[in-house]
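Student: Quick mapping for you: the protein sequence lines, in order, are chains P and B.
Residue 136 in the numbering used here sits at position 136 of the first sequence, and the numbers go up by one each step.
Residue 133 in the numbering used here sits at position 133 of the second sequence, and the numbers go up by one each step.
These aren't lab readings, by the way, just hints derived from the structure by calculation.
Here the structure is a predicted model, which means the values were calculated and not measured.
Don't be surprised by glycine CBs; every beta carbon is placed ideally from N, CA and C.
Take the hints with a grain of salt, since some may be wrong.
As the list claims (entries may be wrong) - Calculated from the model, a selection of chain P residues having no Cβ within reach of chain B, i.e. all distances over 12 Å:
#, residue
1, Ile44
2, Cys132
3, Phe157
4, Gly159
5, Thr164
6, Pro201
Claimed, not checked - Rough simulated footprint, nothing fancy, chain B against chain P, three-plus residues with beta-carbon under 8 Å:
#, stretch
7, 145 to 155
8, 181 to 191
Claimed, not checked - Which residues of chain P face chain B? A partial, calculated answer using Cβ under 8 Å:
#, residue
9, Gly126
10, Val127
11, Trp128
12, Cys138
13, Gly162
14, Thr165
15, Val176
16, Tyr196
17, Arg197
18, Gly204
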Amino acid sequence: MIMGQQKPIEAILEMLAPYGKIVLAGCNGCVTVCRAGGQKEVEILGSAIRLAREAAERPIELKEVTLERQCDPEYLETMRPFLEDYEAVLSIACGAGVQFVAEKFSATPVLPGLDTTFIGVTEKQGVWAERCQACGDCVLHLTGGICPVARCSKSLFNGPCGGTTAEGRCEVSKDVPCGWMMIIERLRKLNMLENYRRILPMKGWRKSRDGGPRRIVREDLTT
Amino acid sequence: MKTASRLERILSAGHFAVTTECGPPRGAEPAVIRRKGEMLKGFVDAINVTDNQTSVVRMSSIASCVILQGLGFDPIVQMVTRDRNRIALQSDILGAAALGMNNLLCLSGDHQTFGDDPEAKNVFDLDSIQLIQLVKRMRDEGTFPSGKKIEGPPRFFIGAAENPFAEPFDIRPLRLAKKVEAGVDFIQTQCIYNLERFEKFMDEVRKLGLHKEIKILAGVTPLKSAGMAKFMKKNVAGMDVPDSVVKRMADTPKEEQPAAGIQLCVESIQRLRQIEGIAGVHVMAIEWEQKVPEIVGKAGLLPRPEPSA
């Protein structure tokens, strides 16, 4: 899923300072799963904003909504009937959702309530971790199902750098396991260490963000 | 001879090579580099200049090497992939060659979070092995990765580093094999304190026959104090300092510790020299370059040979 983390309340209040009447929009997609921007977070954040503004003697009128997904036009349209009555939208979807709101409702300012962080997994309750950088050219079949782009701090393609610690940790932090150590352990387990001997040539990053903003057009679905 | 490198000539002639490393200044004053170079003149075959080591900004390796060249050295340019994409790397490879550089050490580089600019974007368009491939291709095929022809290809004696001590230990010889396959000519290792473990590494290297394909220079760093030994053991990732080494330093009275560190380094060099497949030594005296002549002398490696052109 796409992970997000709520911005500090002070930063949110600062963004809201010019406004007296806003829509606070959550999303039932990824950010609900990662407990950052779902209906529950809409309610909690809404209360926090109201209380802070009342305390500052600048009360705010706030309409709370949670869309099925902010990255799909049909769900965004559900906001159209009432949006004109509000000065701005505070979206706590991921960056894609925030931008799609902006795109569809060009006359309304949109404010991001989250920092979108990464594509990741729920390791256990309350712990999420990055797994994919969406580089556009997957090599997981060669690397034991562990991504060198996302899991190695240097995105190295041909094995661990010299900084792996005795505990198998990354030189960047003791909290980060060495991605290549994991790849090698797993290749060993799978009896696929041969893969490690192969030199992976320089990667084409054009399929990643480096080639400019990406777009997929599926002719079979567009007609 | 693949190149005009003095180091290549010395190694090809079968001499036991001596290289050293010098950290460039955190400023634009060339005298700092000259002073270090003058101290080392006649005591080593080549000097590496680091490329923003530990991600702390310093004078560029290429510029520092050009200053050393002015003193008569044939230096080793270090190049990390942390800060430059393939466009900048190719351009600097051409530029360094045009300035008369003959040796290039291909590295990935310490992560930028170690340095003064932890907010910097990390590049790593290539890794060190892909950089070796790039430099070799530019030299031997005379082409850019695009396939286009280079007018006047750069001719570098290609180096790389290897850390025999970092985990996963048993994969390190295989990693070296990949560097050999990529086209490296020489290797300088991480500092060696655990000689038993290094000997085991070299056993594996010989089993793979790598020592016959490339020249391996064993890295050593003299310890200034017991404190430094403990620091390296505890804080430097991928460094293996055995307890016996720490104890030997700690058991020495403080004022005699520098001399003990040098003695230890000399003994290491003598033992490393006996290992089959070791073609030289790389003395990294970190901000202690003035001790290199003494170390090289005590190790019996003087005078340095004058290779025929």
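Student: Now tell me if each hint is right for this structure.
Tutor: Hints versus structure:
In this structure isoleucine 44(P) is separated from chain B by more than 12 Å, as the shortest Cβ-Cβ distance comes to about 31 Å. At roughly 17 Å from the closest C-beta of chain B, the C-beta of cysteine 132(P) stays outside 12 Å, upholding its exclusion from the interface. Not every CB of chain B is more than 12 Å from the CB of phenylalanine 157(P) (nearest about 5 Å), against its label as outside the interface. Its beta-carbon lying about 5 Å from the closest one in chain B, glycine 159(P) breaks the requirement of being farther than 12 Å from that chain.
Look at threonine 164(P): its CB is around 5 Å from the nearest CB on chain B, not clear of 12 Å, so calling it non-interface is violated. Separation of proline 201(P) from chain B is inadequate, the least Cβ-Cβ distance of about 7 Å not exceeding the 12 Å criterion. Counting residues of the stretch 145 to 155 of chain P whose beta carbon lies closer than 8 Å to any beta carbon of chain B gives 3, which reaches the threshold of three, so the coverage claim holds. With 3 residues having a Cβ less than 8 Å from any Cβ of chain B, the stretch 181 to 191 of chain P passes the three-residue criterion, so the hint holds.
Look at glycine 126(P): its Cβ only gets to about 25 Å from chain B, farther than 8 Å, so that hint breaks. With 8 Å as the threshold, the beta carbon of valine 127(P) stays out of range of chain B, its nearest partner Cβ sitting at about 21 Å, so the hint is violated. At its closest, the beta carbon of tryptophan 128(P) sits 21 Å from a beta carbon of chain B; the interface hint therefore is violated under the 8 Å criterion. Hint on cysteine 138(P) is violated. Least Cβ distance to chain B is approximately 18 Å, over the 8 Å limit.
Annotation: glycine 162(P) was flagged as interfacial toward chain B, and the flag holds, the nearest CB pair being 3 Å apart, inside 8 Å. For the restraint placing threonine 165(P) at the interface with chain B, the shortest Cβ-Cβ distance is roughly 5 Å, inside the 8 Å limit, so the hint holds. The criterion of a C-beta within 8 Å of any C-beta in chain B is not met by valine 176(P), whose closest approach is roughly 10 Å, and the hint is violated. For the restraint placing tyrosine 196(P) at the interface with chain B, the shortest Cβ-Cβ distance is roughly 6 Å, inside the 8 Å limit, so the hint holds.
This hint holds: arginine 197(P) has a C-beta 6 Å from the nearest C-beta of chain B, less than the 8 Å allowed. Hint status for glycine 204(P): violated, given a least beta-carbon distance of 11 Å to chain B, over 8 Å.
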